[in-house]
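Undergrad: For the record, the sequence lines run as chains L and B. Taking the working numbering, I'd label the letters of the first sequence as residues 1 to 288. Taking the working numbering, I'd label the letters of the second sequence as residues 1 to 260.
Since the hints were derived computationally from the structure, they do not count as laboratory data. It is possible that some hints are incorrect.
[To be verified] Calculated cross-link-like contacts (lysine-lysine; reagent style DSBU-like; alpha-carbon spacing at most 35 angstroms):
| hint | chain 1 | residue 1 | chain 2 | residue 2 |
| --- | --- | --- | --- | --- |
| 1 | B | LYS57 | L | LYS240 |
| 2 | L | LYS263 | B | LYS60 |
| 3 | B | LYS60 | L | LYS288 |
| 4 | B | LYS236 | B | LYS57 |
| 5 | L | LYS240 | B | LYS164 |
| 6 | L | LYS240 | B | LYS74 |
| 7 | L | LYS288 | B | LYS58 |
| 8 | B | LYS115 | B | LYS74 |
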Amino acid sequence: MKLLGGACLFVCLFASVAASTDPVPSPQPVPLVTPPAPPPGETLPDWPATPVVPQPMPPQPAPKAVANLAVDELYVVQSDEDVQLLASPPGVVLITKESGPLKLRGKFVGNKIVSTRTYQKKNVFIVERIAPGDVELLLVPAGKVERRTVGDGGEPIPPPKPKPDDPPSPKPPEPVTSFRVIFVYETGDPLTPAMQQVMFGEKVRNYLDGKTTAHPQGGKGWRRYDRDVDATNERDPDLKALWQATKPQLTAVPCVVVATNRKAEILPLPADEDAAVKLFDQYLSGGK
Amino acid sequence: MASDFIINDETAGDDLYPAAFGRGHDPSQVVPCMFAPPAEIPLVPESEWVPRIRDRKKYKTGLRDLYDAGRAGKIKDQNGQGYCWAYSLVRTCEYVRAAMGLEYTALSAHSVACKVKNFRDEGGWCGLSAQFVRANGVAPESLWPAKSMSRGHDTPAAWEEGRKYRITEDFVDLTRAAWDQDLTWQQVVSCLLQNIPVVADLNWWGHSVCYVDVDVIDGEVCPDLDNSWTESWGDKGTARLQGRRKYPDGAVATRVLNPA
Numbered sequence: 001m002k003l004l005g006g007a008c009l010f011v012c013l014f015a016s017v018a019a020s021t022d023p024v025p026s027p028q029p030v031p032l033v034t035p036p037a038p039p040p041g042e043t044l045p046d047w048p049a050t051p052v053v054p055q056p057m058p059p060q061p062a063p064k065a066v067a068n069l070a071v072d073e074l075y076v077v078q079s080d081e082d083v084q085l086l087a088s089p090p091g092v093v094l095i096t097k098e099s100g101p102l103k104l105r106g107k108f109v110g111n112k113i114v115s116t117r118t119y120q121k122k123n124v125f126i127v128e129r130i131a132p133g134d135v136e137l138l139l140v141p142a143g144k145v146e147r148r149t150v151g152d153g154g155e156p157i158p159p160p161k162p163k164p165d166d167p168p169s170p171k172p173p174e175p176v177t178s179f180r181v182i183f184v185y186e187t188g189d190p191l192t193p194a195m196q197q198v199m200f201g202e203k204v205r206n207y208l209d210g211k212t213t214a215h216p217q218g219g220k221g222w223r224r225y226d227r228d229v230d231a232t233n234e235r236d237p238d239l240k241a242l243w244q245a246t247k248p249q250l251t252a253v254p255c256v257v258v259a260t261n262r263k264a265e266i267l268p269l270p271a272d273e274d275a276a277v278k279l280f281d282q283y284l285s286g287g288k
Numbered sequence: 001m002a003s004d005f006i007i008n009d010e011t012a013g014d015d016l017y018p019a020a021f022g023r024g025h026d027p028s029q030v031v032p033c034m035f036a037p038p039a040e041i042p043l044v045p046e047s048e049w050v051p052r053i054r055d056r057k058k059y060k061t062g063l064r065d066l067y068d069a070g071r072a073g074k075i076k077d078q079n080g081q082g083y084c085w086a087y088s089l090v091r092t093c094e095y096v097r098a099a100m101g102l103e104y105t106a107l108s109a110h111s112v113a114c115k116v117k118n119f120r121d122e123g124g125w126c127g128l129s130a131q132f133v134r135a136n137g138v139a140p141e142s143l144w145p146a147k148s149m150s151r152g153h154d155t156p157a158a159w160e161e162g163r164k165y166r167i168t169e170d171f172v173d174l175t176r177a178a179w180d181q182d183l184t185w186q187q188v189v190s191c192l193l194q195n196i197p198v199v200a201d202l203n204w205w206g207h208s209v210c211y212v213d214v215d216v217i218d219g220e221v222c223p224d225l226d227n228s229w230t231e232s233w234g235d236k237g238t239a240r241l242q243g244r245r246k247y248p249d250g251a252v253a254t255r256v257l258n259p260a
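One chain only, chain B, in its complex shape (with noise of 0.2 angstroms):
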């Protein structure tokens, strides 16, 4: 079922942005990446978009319906700190595994943002967590549980486990550093309509989420999204983006994990 929670253009902007969860700009950290292009992305046209949305509806085959199913999980808590672009890409792990069929296994996100950040709380893109995430996988909440900036957690037997998440497959500009990395949004919602969810740096709201599914409201086609700050924000964590603070201004679209 598609969130009841709608932010707009006329949604006003400060009631959502909360200074913690900056996600900050650290053009000294460029990094390549090595990973299918976006322009490989296969576009599905747009007077195709809103058939396939109620087709998707009809069927329940959108990775929105896996997650009511109580196949992705919970909704995330960065728990205040500004770990969201590491929030919003292990989110899309989480969804690749669930389209996969496999057993939910909570990853943990403070583990990939503790590690790169070198467990400073500091803001960051999805690009960079995406990048680590590729390289060492993502640990499991099980061995670094959720929330925990411990380095007691940072352990060789956690990241032995958490390179059996890797993100073995995912749409990345060779061409662009891993804090410029975008997706336009016909390459966005072509992801989205085939279950590849889309991680979404949005600079208007200084924020991360993890795009999950698309949505039509009015006519127009809306992305459906996964906050990081509990089930009490927005509807039961999620909400759909309505007019132009639905582009985002940075994207990485997460294909492949090796079952684990």
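Looking at chain L on its own, in the form it has when it is part of the complex (with noise of 0.2 angstroms):
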């Protein structure tokens, strides 16, 4: 159990209650000072605020006791006078108002079982954690203030459920199964030897020989075509089927169809067999 800061904002909550109460133990605060209704149909004059004195505050009392509250636990606060419950800071727990009497049945906190309880007076604050992080609950009844620090115990915090409005987390990289590389050129064309060094350099080769999915007919899963050829008579039926997917898609040769598992992209030929190998090595990883 940890005593914690949040100062600020329980002055500026302390200070706003005791304002609006009375009577209120010395020092008295200064009312402030307000313009006289104007008479109907006349316009509010503009009149001069009387500027408000700052008073110092009286000490203020330690919190209280501290919980740990678990993230399937119930911390309930009840009382029969008219309170407000507040947290600070906002967005750690959950604060649920109820009326009582009232019967509830959970893990209360410091009681790591399933139990029932009823709570007869008026007003009933549910609190719940919703994100790690300690937090000061505000009790604030007329008059008088109660603080309360609630920690999380240092236990791990399972992430928020997602509502039904966010948009989907990002899915984990899906394991590669299948990877299938073709070249695509024009052999009528000429091939810059940069060009030739991506798809016929020894290195790339080594490395699609290594990396590709086979077939036990088709041989390695890689191939360098002419845009024009036809594959209906290809070995490895998922190259056959990769090309005539693809074929129709091409625009720009000399050009390298990435295929992964089912998915394939038609990408730029690399600048080099560095730069090819590093490419194939993103789709490999899942990372593309």
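Assembling the complex is the task here: the two chains are given apart, and the hints tell you how they should meet.
TA: Here's what the structure looks like:
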């Protein structure tokens, strides 16, 4: 159990409550001076406001008992008086106000088993944790403020359940179960040495030999195709399907078709063999 | 790795010219051709040849590197018959398939030559075999065994399968007959630098071979070839040509086969 800060917010709340309370322990706050209400039909004159003189605040009592509130526990406050229960900082706990008498079933703070309790008083506040961190609860009845600090006990807080309107969180990368590559070029057009390095070089060749998904009849899982080839008789049925799906989509060549699992992308030819291996690595790691 | 066997202008021609391997000329066999003319070959400027060859060696991007990596099968054996013009062409088909990343399938040059020559042992030209393979394909050796002259292999099943290995794109001169196909030296080198294998008919040798790659010997750009006289010839069946002997008298460049 920890005592926390949040003193600034407490002071402000206390000041506003104290100003509206009568009687108030000394020192007496200075009442605000307000202009008289104008007669009907008249406009309000530009009345100078009287400055509020700040008064020294009396020393505040330290917060009382401190509890650890787990995410599945209930912290219940009840009162027959008209009170407010505030939390500082906001967003750590959810406060629900109910009318008593009230019967509640759940895990109550400090009691690790599920039980049923009856709260007889007029106002019942149910406090539930929605985020990690410590929080100060401010009970503000007429004329006084009581504070409680609620810690999280250092326990990990599971992520909040997504609301129906929340966008779906990004999924982890799907494991790559198949990896195929087709370099596409026009054999009637010249290839630069850099293009040849990517398409025919030993480094990329060995990389793809080892990494692509081979087929028992079709051999290695990668090809170099002229853009006009007809893959009707391609022995690898997956490469055949890949080519039939991507050939109509081709625009500029040379390019490279990279397919992981059942998804294919047509990409510009990488600048050199190192860039090609890096690109393929990204797809293999599921990062693309 | 480039071949250690070099044939240059000082090499005696008789040592390289078995009489049975003559390519022969038969001007009566004139067949029109239909594919892209050599004029459309994108020429690589001569000033770039040597730097590009060095680059190819550095990154191992050439067809010879695919052969060294075991992706293009073995050197063929025409079995002492006059079918070099079919073997050289069929070898380019095997290299095109290697360049496409396809598994090696041995293709039967004898199936082409036997059909073109009606099972007679005769010479021909690369343009003739290219014309046949464009139209009919080439039977795989699984259906038409290597070196076999048997008509028993000439079956519909063999040619149904063979059609999967048709040449679909090559560089052919539309204005010339099959026996008169040729490429300039600049076109030959440009093709080889683009990993397009070239069939080269060489009159001085009476022979046709497959130009696979290019190399530099004493500052001169030379073709690196596959012969079809088994691996016992030359440097494990390969050689490089230097001097005037490298210039083909007939040539066709095979660009594309459909994957099969």
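Undergrad: Look at each hint and say if it fits the structure.
TA: Consistency of the hints with the structure:
At roughly 32 angstroms between alpha-carbon atoms, LYS57/B and LYS240/L fall within 35 angstroms of each other, so this suggested pair holds. Distance check on the hinted pair: LYS263/L and LYS60/B sit about 31 angstroms apart at the alpha-carbon level, within 35 angstroms; holds. Restraint check for LYS60/B and LYS288/L: satisfied, since their Cα atoms lie roughly 29 angstroms apart, inside the 35 angstroms limit. For the hint linking LYS236/B to LYS57/B, the alpha-carbon distance of about 20 angstroms falls within 35 angstroms, and the restraint holds.
As the CA atoms of LYS240/L and LYS164/B are separated by approximately 14 angstroms, the hinted pair is consistent with the 35 angstroms bound. Restraint check for LYS240/L and LYS74/B: the C-alpha separation of about 27 angstroms stays at or below 35 angstroms, so the hint holds. Under the criterion of a C-alpha separation no larger than 35 angstroms, the hint pairing LYS288/L with LYS58/B is consistent with the structure, at around 31 angstroms. With a CA separation close to 23 angstroms, the supplied pair LYS115/B and LYS74/B stays within the 35 angstroms bound.
Of the hints listed earlier, there is not a single one the structure fails to meet.
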